[in-house]
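For the protein sequence lines, the chains are A and B, in the order given. Counting in this note's numbering, the first sequence runs from 1 upward without gaps. Counting in this note's numbering, the second sequence runs from 1 upward without gaps.
None of these hints come from the bench; they were simulated from the model. Take these hints with a grain of salt, some might be off.
[To be verified] 27 Å max Cα-Cα, derived DSS-like pairs, lysine-lysine:
id	chain 1	residue 1	chain 2	residue 2
1	A	LYS296	A	LYS385
2	B	LYS136	B	LYS52
3	B	LYS140	B	LYS233
4	A	LYS146	A	LYS317
5	A	LYS385	A	LYS23
6	A	LYS384	A	LYS462
7	A	LYS385	A	LYS454
8	A	LYS388	A	LYS462
9	B	LYS95	B	LYS118
10	B	LYS223	B	LYS197
11	A	LYS433	B	LYS197
12	A	LYS146	A	LYS288
13	A	LYS319	A	LYS23
14	B	LYS223	A	LYS319
15	B	LYS223	B	LYS233
16	B	LYS206	A	LYS146
17	A	LYS146	B	LYS52
18	B	LYS118	A	LYS347
19	A	LYS319	B	LYS241
20	A	LYS433	B	LYS140
21	A	LYS317	B	LYS197
22	B	LYS118	B	LYS140
23	A	LYS319	A	LYS146
24	A	LYS385	A	LYS317
[Stated by the list, open to error] Heads up, incomplete: computed chain A residues facing chain B, CB under 8 Å, no partners named:
id	residue
25	ILE107
26	ALA108
27	TYR109
28	ILE116
29	TYR355
30	VAL358
31	GLN362
32	GLY466
Every residue, glycine too, gets a C-beta built ideally from N, C-alpha and C.
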Amino acid sequence: MLTVGILLCYLLGCSVVMTVSRKFSLAEIIGYSFLIGMGLETVFLFLLDVVQLHYTQFLLIALNLVVIIALNRKFPETLAAFKEKIANARTDLSSVNYVAIFLFLIIAYLFYAITIKNLFWPPSEGDSITSFDKLARVIALEGKLKISLFQYNLQGAAGTYPPLFHGSFAYVYIFGAETPKIVITFFFLSLLLAFYGFVRTYTNAVAAMLFTLILMATPELYAHAALALGNMPTAAYISAAVLATYIWLDRGGEKYFWIGAIMMGFSVWIRSDAIAFVLATLFMIALKIWQNKNYKHLLIYAGMAIIPFATWLLYVKLKIQLPQASRFDLSIGYNATRLSTMLNYTKAYLFAVPYREVHGGQLYGVVFISFFIALLVNTGLAFKKGVKTVFGNQALLLAFLLTAFAVYFTEFYLINEDVQASTIASLMASSFKRGMFYFIPIVLFYTATGYSSKIFFDWLEKFRTGS
Amino acid sequence: MAKGKHHQPSEKSEKKPAGPTSAFGIGPLFRNFIIILVLAIIFIGVYALNDKRVELPDLYNELQTLKERPGDHEERINEIEHRINEIETDTSFFKTLFVGYFDEVHFVAFGAQDQIDKVTAEIQNGSIAPVTREDKLNYKVHTYRLLDFINQNCPSNSVILLPPADSLINDPHWNYVYDPGWVEYFIYPRLCIETGKESENPDLAKRVTHVLIVKGIGYDRLKYNVPLDKREKVCLLPVNKPVDVSEQTDTTQISN
Chain A
1 MLTVGILLCY
11 LLGCSVVMTV
21 SRKFSLAEII
31 GYSFLIGMGL
41 ETVFLFLLDV
51 VQLHYTQFLL
61 IALNLVVIIA
71 LNRKFPETLA
81 AFKEKIANAR
91 TDLSSVNYVA
101 IFLFLIIAYL
111 FYAITIKNLF
121 WPPSEGDSIT
131 SFDKLARVIA
141 LEGKLKISLF
151 QYNLQGAAGT
161 YPPLFHGSFA
171 YVYIFGAETP
181 KIVITFFFLS
191 LLLAFYGFVR
201 TYTNAVAAML
211 FTLILMATPE
221 LYAHAALALG
231 NMPTAAYISA
241 AVLATYIWLD
251 RGGEKYFWIG
261 AIMMGFSVWI
271 RSDAIAFVLA
281 TLFMIALKIW
291 QNKNYKHLLI
301 YAGMAIIPFA
311 TWLLYVKLKI
321 QLPQASRFDL
331 SIGYNATRLS
341 TMLNYTKAYL
351 FAVPYREVHG
361 GQLYGVVFIS
371 FFIALLVNTG
381 LAFKKGVKTV
391 FGNQALLLAF
401 LLTAFAVYFT
411 EFYLINEDVQ
421 ASTIASLMAS
431 SFKRGMFYFI
441 PIVLFYTATG
451 YSSKIFFDWL
461 EKFRTGS
Chain B
1 MAKGKHHQPS
11 EKSEKKPAGP
21 TSAFGIGPLF
31 RNFIIILVLA
41 IIFIGVYALN
51 DKRVELPDLY
61 NELQTLKERP
71 GDHEERINEI
81 EHRINEIETD
91 TSFFKTLFVG
101 YFDEVHFVAF
111 GAQDQIDKVT
121 AEIQNGSIAP
131 VTREDKLNYK
141 VHTYRLLDFI
151 NQNCPSNSVI
161 LLPPADSLIN
171 DPHWNYVYDP
181 GWVEYFIYPR
191 LCIETGKESE
201 NPDLAKRVTH
211 VLIVKGIGYD
221 RLKYNVPLDK
231 REKVCLLPVN
241 KPVDVSEQTD
251 TTQISN
């Protein structure tokens, strides 16, 4: 039954993607399908809980089928689009891109290795045992989101987190999974495929494959592809949301707008603190809309992103009714020690240097360093070629990164250590460190598609093809 | 929404290859091969930068074994510690950028299947039964047998009083058996509460049915006296005196 559950999830997501547009690439379709499908499955779990219907396989299958059929009223056209894509994918040997295949084989091997590790071990990480996996198992057993453990305050810290991550675990448990970590493998696959699709939109296959390999091999991120923790899946949603939105702003067209808005909705449906990225994305959109006055899109986007956030807040307040102290201490003011600790950790992460128990280089490899090098080279080129030529709309992406990081940093600065039961140093060495995942695909996207990279990879492509 | 304007990416490089030879007289196949060769050399070079780390797991294992084994091994211990230090502190900026990649390729990509086979063999230890989720948890979680013992010996409506955190928090051997949030994962639908935190959950505190005794702590929570000479260091006892001797929890399985 687990296969049926996963298949339904993909079909559901695929139906939404194909409803948005039939013109996505195969990598994009597969990448988005699981993210959207699993997001919607957890929306179903939420709605069934609200109407007090006990979760069963039958109920979920029926619900999935109804929505899939409703979305596929133009199935023959969708099928034709698929056939066309597969036909276009065929190619003759003389035009095979062997370099991309070589890189793909490395990616495939690394993916295989981390997958067998992931699927062998049941969850044993502290956060998973005390929260995510415990919630999921009990949700599947009790057939509702508001499980009995809330009554005794045994739900763990993630009890008030939006349900996408632990809900995805619960979904596969409902379909008979022994451990939920198959979901982690699909989240990782979706992150890589969606990223490849985004980068491929701007550059050639070799560059897209190389940067997908760099993304996948980022040491800390790769390790998380075998852990039952929510940061890597959150990175998949946030990066898909931000990059799709950026492509919409840069290239126009509706399809990336809708994918961006849907993914942003799910970003806050997986973690409420992703609201930092909603704010930064809205800022990026506002910068563009300032020029074209297209306020309708801004409103729709804001609605899509904020409604799930507000819905979950209401659910926690009205249904879970857990007394909660505010996670943030707004009266903190200027605290030099705290700021210095945070800046030192940030410096370690961004500039690949050690600080206390962490070492940015060991955690994120070349990711941030290559971004800064690309930025420096592009800035140098901007003096020669002009700012508009070199940066163009990518200035929006840089504005997003700066804003998102500032908001994300501020969130941590304001965290109430007593409520969080953790010191700021400990939070920086754990939560903040894992939260850096959300920036990695976006930073790599810029490095891969920036002006200097484009010059280099265009040259490489000319060399490769001999043209 | 599907009918929105589709804006085709304009910069995709979908160039056709330039036939069997190019201006330089090298065919596309050969050019592809050159790029692959350069990439392979870069990847192998990056990998080789930190190849001394291959020794680390064996060194750490030997160090731990020597420290646990009685006898005079000081010279060898110093030697190993020196070597570990030499490898771990070989951290030029450039090298440390690639340490993480080395570890993931060597220990995960090349080592994952070997590690799984080794663990499987260790768990099975001659048995032909397939390795189960419980076996794996037992391998990963030191106290899994103790937690499973609770499940085997307490009815599903039991409430377990866990030992106080301050008695175990500095002893990694006991994992988090004082933490209700952690223990609950293993014993659901049974419930649990930490000693000393009863006031935070008075309803649950009133319903305690069993006391988990670890390091001999918790006998004072029982509503009856257990003679000193019969007190086990680790056991699970009903909070009220059992009427029937058979209701007493057998502690032999966990007392080790």
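Going through the hints against the structure:
no., hint, result
1, A/LYS296 with A/LYS385, "35 Å, violated"
2, B/LYS136 with B/LYS52, "31 Å, violated"
3, B/LYS140 with B/LYS233, "23 Å, holds"
4, A/LYS146 with A/LYS317, "12 Å, holds"
5, A/LYS385 with A/LYS23, "34 Å, violated"
6, A/LYS384 with A/LYS462, "24 Å, holds"
7, A/LYS385 with A/LYS454, "14 Å, holds"
8, A/LYS388 with A/LYS462, "25 Å, holds"
9, B/LYS95 with B/LYS118, "30 Å, violated"
10, B/LYS223 with B/LYS197, "19 Å, holds"
11, A/LYS433 with B/LYS197, "32 Å, violated"
12, A/LYS146 with A/LYS288, "41 Å, violated"
13, A/LYS319 with A/LYS23, "41 Å, violated"
14, B/LYS223 with A/LYS319, "38 Å, violated"
15, B/LYS223 with B/LYS233, "18 Å, holds"
16, B/LYS206 with A/LYS146, "23 Å, holds"
17, A/LYS146 with B/LYS52, "51 Å, violated"
18, B/LYS118 with A/LYS347, "40 Å, violated"
19, A/LYS319 with B/LYS241, "40 Å, violated"
20, A/LYS433 with B/LYS140, "24 Å, holds"
21, A/LYS317 with B/LYS197, "25 Å, holds"
22, B/LYS118 with B/LYS140, "14 Å, holds"
23, A/LYS319 with A/LYS146, "8 Å, holds"
24, A/LYS385 with A/LYS317, "55 Å, violated"
25, ILE107, "11 Å, violated"
26, ALA108, "11 Å, violated"
27, TYR109, "7 Å, holds"
28, ILE116, "6 Å, holds"
29, TYR355, "13 Å, violated"
30, VAL358, "12 Å, violated"
31, GLN362, "5 Å, holds"
32, GLY466, "3 Å, holds"
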